[in-house]
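There are 2 protein chains.
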Amino acid sequence: MDFPDQPVPLYLQLAERLLDAIDQAAMEEGTRLPSVRTLAAQHAMSVSTALQALRWLETRGHIEARPRSGYFVAKRSKRGKRANGAAGTAGARGAGASRWARPMPELDAQARDHLAIAGAPAAVRLDLASAETALYPVDRFSVLLRRLAYQHRDLVGSHVRGTGYPALRAQIARQAMQYACELDPDELVVTNGCVEALNLALRAVARPGDLIAVESPTYFVLLQMLRALEMPIHPVPATADHGIDVDALKADLDRGVPIKAVVTVANCNNPLGSVPSDARKRALVALLREHDIPLIEDDIFGDLCFGQTRPRPVRAFDEAHGNVLLCGGFSKSLCPGLRLGWIAGGRYTERVKALKYTTSMATAELQQAAVAELLATGGYALHLRRLKAALRNQHKALREAVLRHFPAGTEVTEPAGGLVLWAKLPAFDGQPRSTRTLFERARAEGISFAPGHLFGEGAAFDDCLRLNAGNRWTSELDAAVRRLGELAMRAERSAH
Amino acid sequence: MDFPDQPVPLYLQLAERLLDAIDQAAMEEGTRLPSVRTLAAQHAMSVSTALQALRWLETRGHIEARPRSGYFVAKRSKRGKRANGAAGTAGARGAGASRWARPMPELDAQARDHLAIAGAPAAVRLDLASAETALYPVDRFSVLLRRLAYQHRDLVGSHVRGTGYPALRAQIARQAMQYACELDPDELVVTNGCVEALNLALRAVARPGDLIAVESPTYFVLLQMLRALEMPIHPVPATADHGIDVDALKADLDRGVPIKAVVTVANCNNPLGSVPSDARKRALVALLREHDIPLIEDDIFGDLCFGQTRPRPVRAFDEAHGNVLLCGGFSKSLCPGLRLGWIAGGRYTERVKALKYTTSMATAELQQAAVAELLATGGYALHLRRLKAALRNQHKALREAVLRHFPAGTEVTEPAGGLVLWAKLPAFDGQPRSTRTLFERARAEGISFAPGHLFGEGAAFDDCLRLNAGNRWTSELDAAVRRLGELAMRAERSAH
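First to last, the sequence lines map onto chains A and B.
Numbering of the first sequence is given in the numbering used here, commencing with residue 10 and proceeding in unit increments.
Numbering of the second sequence is given in the numbering used here, commencing with residue 10 and proceeding in unit increments.
No lab work stands behind these hints, which were simulated from the structure alone.
It should be emphasised that the depicted structure is a prediction, and the values quoted were computed from it without experimental measurement.
Do not take every clue at face value.
[Said to hold, decoys possible] Calculated from the model, a selection of chain B residues having no Cβ within reach of chain A, i.e. all distances over 10 Å: (1) Gln-51; (2) Arg-183; (3) Gln-184; (4) Pro-244; (5) Thr-248; (6) Ala-257; (7) Thr-318; (8) Phe-326; (9) Thr-386; (10) Leu-393; (11) Ala-436.
[Stated by the list, open to error] Residues of chain A clear of chain B, computed beta-carbon distances all greater than 10 Å: (12) Glu-73; (13) Ala-120; (14) Lys-405; (15) Leu-486.
[Said to hold, decoys possible] Facing chain B, a subset of chain A residues (Cβ under 8 Å, in silico): (16) Arg-162; (17) Val-230; (18) Gln-233; (19) Pro-345; (20) Ser-369; (21) Leu-396.
Yeah, the Cβ is synthetic: ideal placement off N, Cα and C, and Gly gets one too.
Can you build the whole structure from these sequences, using the hints too?
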């Protein structure tokens, strides 16, 4: 896209200047670019703007990131034409692309791998975080939906007003009370899945160009979402033991990194499976309150933590401040197919409501009524116990299979709950293996997983992969993991 | 909000400078500001950026627009404190606002009237464009949903992948064939209502800061959406006879207005009820193709046009170019409560799909399956005939009541179909009447309608109102319209 007569954003001005420099100096592939900080200082702009410029060039294939080394000029073959970017390759992808006279705007490689996962499923689905249908109370919902479709048939014919079915909002608040998290039904907005909740939360607290801190690694839909919203990403290290590194975040804030909001998946982190201690959650709340920075918390896996007590969301430690926008949903724990999520907007509630109205207006109420009834009449606790028991066994079987079949030295998390495992492949001949090549080879054989590069920026986590433990353990699954392990043995570092 | 260490957008820099000037010169209320063009020239920026700055100041109450006169410094009492804008009034609105230690970010007056309409319904609902439940095939859906919830119970427990239930996408394409509009099921994405379709379309073709041309007056959700997306608005005149003025749009393009995309509600325009001729539709397509500007078409009222033949969407005239993103849905014609819409993305399909994934991931499939079955097994044509016959009668009764009860000289459209009437009040003592005051008085008495200022920028259309003809005509409704007419008699021009 170009921007005729419009004020060109600063980061694009810098990107253009860098591109000119690369072209005019005919820089060789592999030439190292100045550091982000140097660029920011040279061009009198913020670090985040300079980063945005580098990211813009990276996603268009002009430069590439190497972990802990910086940015380098990419291979000429990858760089394509100047004005249209990768447009020339558009014909090769996407349904119906050839129907139109002009190519479609481009997507970056990460977005394409991401959509490959999200699209037509492979035979063996180790990619998305989802449990199989048999683990959900589908018969119960069948009865509920049939009764509601009979008794409340007006739910089909009525214009949907407002921010969610009142009975469901009341039940969400009641559930949260069980783990001492006070939510006001009036601050709750029911959404089309937790993804919509996150999207609304981000847009309620930040604008395009605002820097958003996220855990690294983090949920790939969140990264894609931030890119789509043009909000630059500030990664904060996270570990499988403690989740987000609050000290690192504090150091960033102390040295003035202009973070506008922080997003965390605190409970049963995706992909690491971590649950921070209450003390760490308190510290995070206090730190962000001190800097007056809102926290967006994705608690969709909270109900799937294996421990004795359901961990409290970070939001529970932010008493009476309204600084945490808590997002949740039922797609992991109760009914993936109904696409129901919710957000408690705290002091951003009014903005969230206004944004919901112009993003999708309202959420269909029939399924909201069904979930409200199921929560009200009990049985959710029993269902959760069964689901968690199944997941715990599946986690164990999958983990053991990975350790058995994958290259010696592969590390696998022991998550505190949730649906996924995170694995790191050992180096091969001193070089990190790339799960991106592994991904392509495995998909050609009908096996899909989530390659690590989706969870970070540039080549970070390219030697990692996320595996879905939501499937019942079978000999077929064991065979698929064995095959994946064989392919991983020869997954040498790709040039990417 | 403030923007620590972030590059400040050009329009905000100008807004700040103007605010400084107003404060330092202690400008009197009512002082006229330089014209948009003068400001743009003085500050070496585009007209749209200057307009954005003025709009920013207007929504914060620092200045106010007067029709055909320009912008003026607002009353000091309305301007509030500098940094926090209207934050001081936040406590008075929004549920739970007082719970939080700090006020929530502000909404502008238009957004608040808009949310008042969208929120708790009034006793007499003449506000939103929606027909009453009895006019929709709710019994039919009740049977369908019960059968589907029994036969396809896995729809509850399955993770939803992809861009829409295949059978529904096929049916949407088949329906469109009936009016010679070729859609490829693979370019279709099923959305959470037509509002989500519009939101995805805008984000697929434009970025924050890009100027979007819309009909004036237009659908207020679209205006709110553009503001939320930070896409400045370029109004193009539209008439109840012919819809958008293609010549005016051409003149704008010829003189270089940097329009990035155009949005049209061509068939049964909301609020005007117009249907342009095929020749005008062809001219619009040709003009935009010439300038390589995408058209976003909202055809949600297309099936509700009263004429003999269902008018073709503009998209039908854009053969093999993929330049029109066609948005539709079933919330007006078939099942408001199911919140189903769709978009045919043309050559922007891949971007639309990627955005859908990070905006709400997917749309629940149970209701998609129900609509697909209803469309496949016929009966939609018969339902439409009945619905349109009812709407035609209701339109007639409502129009006659308005002409009977409203001040002499009130003008009312005779729409070609759809759900709404658009009325213009005559001047009072040479001054235009304000439907904004009328709105407040009527709501206090339980009567709600859509005030004209929602459909444009600033004070444009403040003397107009939109009335929903979706309700069965009753003596209560007649009494409500009579009361509204009485209130309108004394709706003198407000200072606003």
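If you test the structure against every hint from before, which numbers come out violated? 13, 21
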